[in-house]
Structure formats: structure tokens, C-alpha cells
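Put chain D on the given structure of chain Z with help from the hints.
Chains as they are written, first to last, in the working numbering: chain Z, 1 to 128; chain D, 1 to 247.
What the hints contain is simulated information worked out from the structure, not anything from laboratory work. One or more of the hints may lead you astray.
What the hints assert, rightly or not - Only pairs whose alpha carbons sit at most 20 angstroms apart, straight line, appear in this in silico SDA-like list of lysine to any residue:
| id | chain 1 | residue 1 | chain 2 | residue 2 |
| --- | --- | --- | --- | --- |
| 1 | D | K246 | Z | H49 |
| 2 | D | K139 | D | P127 |
| 3 | D | K246 | Z | Q107 |
| 4 | Z | K88 | D | P202 |
| 5 | D | K246 | Z | C111 |
| 6 | D | K246 | Z | D105 |
| 7 | D | K112 | Z | L56 |
| 8 | Z | K50 | D | R113 |
| 9 | D | K246 | Z | K88 |
| 10 | D | K103 | Z | D119 |
| 11 | Z | K88 | D | T203 |
| 12 | Z | K50 | D | E172 |
| 13 | D | K103 | Z | C111 |
| 14 | Z | K40 | D | G204 |
| 15 | Z | K40 | D | P127 |
| 16 | Z | K40 | D | T203 |
| 17 | D | K112 | Z | C111 |
| 18 | Z | K50 | D | D107 |
| 19 | D | K112 | Z | K88 |
Stated by the list, open to error - Just so you have them, the derived chain Z footprint on chain D, three or more residues with Cβ under 8 angstroms:
| id | stretch |
| --- | --- |
| 20 | 78-92 |
| 21 | 109-115 |
| 22 | 162-172 |
Owing to the predicted nature of the structure, the values given are computational and were not obtained by experimental measurement. Every residue, glycine too, gets a C-beta built ideally from N, C-alpha and C.
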Amino acid sequence: MDKKNIFLFLIILSISCLAGPLMLSASDEVSHGGDIIYDKPVKAVLFSHKVHAEDLGMGCDSCHDGIFQMASLTVQKEADFTMEGLSKGKYCGACHDGSMAFDSDSQCARCHIGVKGYDRAQGIKSGE
Amino acid sequence: MKINTENLKEDMNTVSKIERREFLKIGFLITGVFAGGTVLSLASNIRGAFASTGEFTEKYPYKPHYSMLIRQNLCVDCERCIEACTKTNEVPSYGYRTIILEKVVPDAIGQKREFIPVLCNQCNNPPCVRVCPTRASYKDKNNGIVMIERKKCIGCKACVLACPYNARYFNEEVHAIDKCDFCFDTRLSKGEKLTGCAAACPTGARKFGDISDPNDFVYQMIHQIEKQVWVMRPEAGTKPNVFYMKA
Chain Z
1 MDKKNIFLFL IILSISCLAG PLMLSASDEV SHGGDIIYDK PVKAVLFSHK
51 VHAEDLGMGC DSCHDGIFQM ASLTVQKEAD FTMEGLSKGK YCGACHDGSM
101 AFDSDSQCAR CHIGVKGYDR AQGIKSGE
Chain D
1 MKINTENLKE DMNTVSKIER REFLKIGFLI TGVFAGGTVL SLASNIRGAF
51 ASTGEFTEKY PYKPHYSMLI RQNLCVDCER CIEACTKTNE VPSYGYRTII
101 LEKVVPDAIG QKREFIPVLC NQCNNPPCVR VCPTRASYKD KNNGIVMIER
151 KKCIGCKACV LACPYNARYF NEEVHAIDKC DFCFDTRLSK GEKLTGCAAA
201 CPTGARKFGD ISDPNDFVYQ MIHQIEKQVW VMRPEAGTKP NVFYMKA
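Just chain Z, with the same shape it has in the complex:
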């Protein structure tokens, strides 16, 4: 390694040492996709990144390596984003099958937050 290359190496090293923590704190702010609320076909289903990625400690690629895109509400465009699709093991149903996580055919109001939950999330006061 000649002097010029060592110099370059040192520069790169120092940049990455400086930038490392910066990048970490940046990714800390957007460490996942937050809450996603589906409103079709029915209002409404809540998916929580906090529960899955933080509390349950699931890695990003357990979902973002084929099951879901990293763009909210993309999956809502699929015709089989329904209970039938889920029971065939698609989307949430890949895990919510009764063995890895509670069955999508049970505890309906655990995923479903309803019109009431949707309105609350949108800050709409229900007329009732």
C-alpha cells in the first residue's frame, strides 16, 4: 500500500466513523413503518409495527422478504386481501394460522378495530 492509498483509506475510515452514528440515529427515527390501518374491504384493521417489530422483536425480513412491500396499503389493492386469502396462508395469514400466532379465524376484534377505531385514529368524533 503506498502513501496515497493509506491516506485515502484513513479518510474513508474517518468518514464512516463519523457517519456511522449519524446514520444510526437517522434510522432510529424511522426504524419501522408505524401503525398501518386498512379500510378495505372493511373498515378497519390495524397492523402495528411496534407490536411485531419492537415488542415481539421480529426481524424486518420476516415480513419484508416476500409477504409485504415496504409501502403502506399496497397489499390492500390485492383482490385476495380478505379473510379467505388469510386462511389460505397469505399476508397476515402466513403467521396468523393458529400455530405461529393466533388464528385469523379467531379473536376477530383483535385485528379489527372497526369504524370506531378508524374514526378515533383519524381524530373523528363518532356521532354516537
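Chain D in isolation, oriented as in the chain Z frame:
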């Protein structure tokens, strides 16, 4: 009287001996307090109360004896029922014929909320009919639906206060009290088999049928011996025709 998940709370002591006997007569055995303590649970007890199912069906005074079964755990509050009801029956934005109560149980293990559809119970012993000074509110002699003859209604709201299910409101458009009539005017009388809400329900949480017909789904679900079935506010002695269970 507003109905909400707070004032739904009852305990067994509020049910008098007479009420218990009445429930036994229509085939239900009071078994305990429903999880969470909100409503009394009643188990079907046809065998205990009657010698044969034939004798039991005779206890239903109407033909058809319209009834709704709410399979509570299937309700996801999508409110397609409310949408359908509003459209079918021209319910104004300030009114309602059915609502969905939300019960939040923050410290439950697993599911932390429950949705409870509520509508007119088409009671066999309806307090609204009893208090109506003009007989605008009446019980249909054939099918047992609690109806309102709008031109007789003077809007005194005595019935609104008397109803333990908060099922009535004053409709300014028609200048009369309005309430659920199991879609009799808008659907059943025109040959439809289901109420608008039951037809719109995507989960089967609302099932409509004839509780006096052994071939009817509602009859069959309610008369399973081992299943818990309950009604709202049994202590009011209204003999409701809306039943609740978990699917």
C-alpha cells in the same frame, strides 16, 4: 335511558324470582354472569322446561316469530349493517335504528375489545307499547314486531324513556318516533327474507329468522342445549326477541 357498556352491568341479584321463572318458561336456564359481568347468560333448557320440542314451539306466540340472533364475537364493527339500515329505511343522520357498542377490556389477555350490536328487541312484553298514550306504538298481532303508526304518534317520547334498549329516536322528517321494525315495511312485507342489516353483514354476526320454526337457522342455533345464549337486560322483564351468543 341510554344504553352503554357501563350501565349494561348487572348481577344475578337484580333478577327476581318471577323473572327467573319466566325465563325458565320460555326455555332458558339462568347459568351465571356473562364474562365481564355485563349481561346475564342463559342456557337453553328446552328439555328441562318442556316435555317435547313441540310443546316448546307452541310457547312462541307469533307465526312467524321473527327473531334476531347476534353472534357477538363475529362482529368487527365494519358497520355495513348501519349503512344498509340507513339506506333502506331512510334514517336521518341524527337518528339510528341500530348501533354497535364497543366494550374495551384493556387488561384482557388477547383480544381487548368487543363489539356488541344493539337494536330494538321486539319485546314480547314491550314497555314502549305499554306507555304509549295514543296506541301509535303497538305489537303486530301476527309476527310480533313492535310497530309505529306514524299518524297516531304525537312525539311525546314516553316510549323513548321507557325503552331499556335505547332503540327509539324522534324523526323530525316524519314527525314521529322511529325505530327498527326488522325492515318489515321496507323488505319483509315485499317478500325479502332478511332484514337489511342481516343481509349486509359480511361475518354472519347478525342472523335473522323465525324462532318458532325448527328448520330455521336461528331456531337451531338458539336451541342447542350446550350453548350459552343470553338476552340484554333480562331484569327489565321485557322478553326480548334478540338473542346473543358466541359462535
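- What are the numbers of the hints that this structure violates, sorted from low to high? 1, 9, 12, 15, 19, 22
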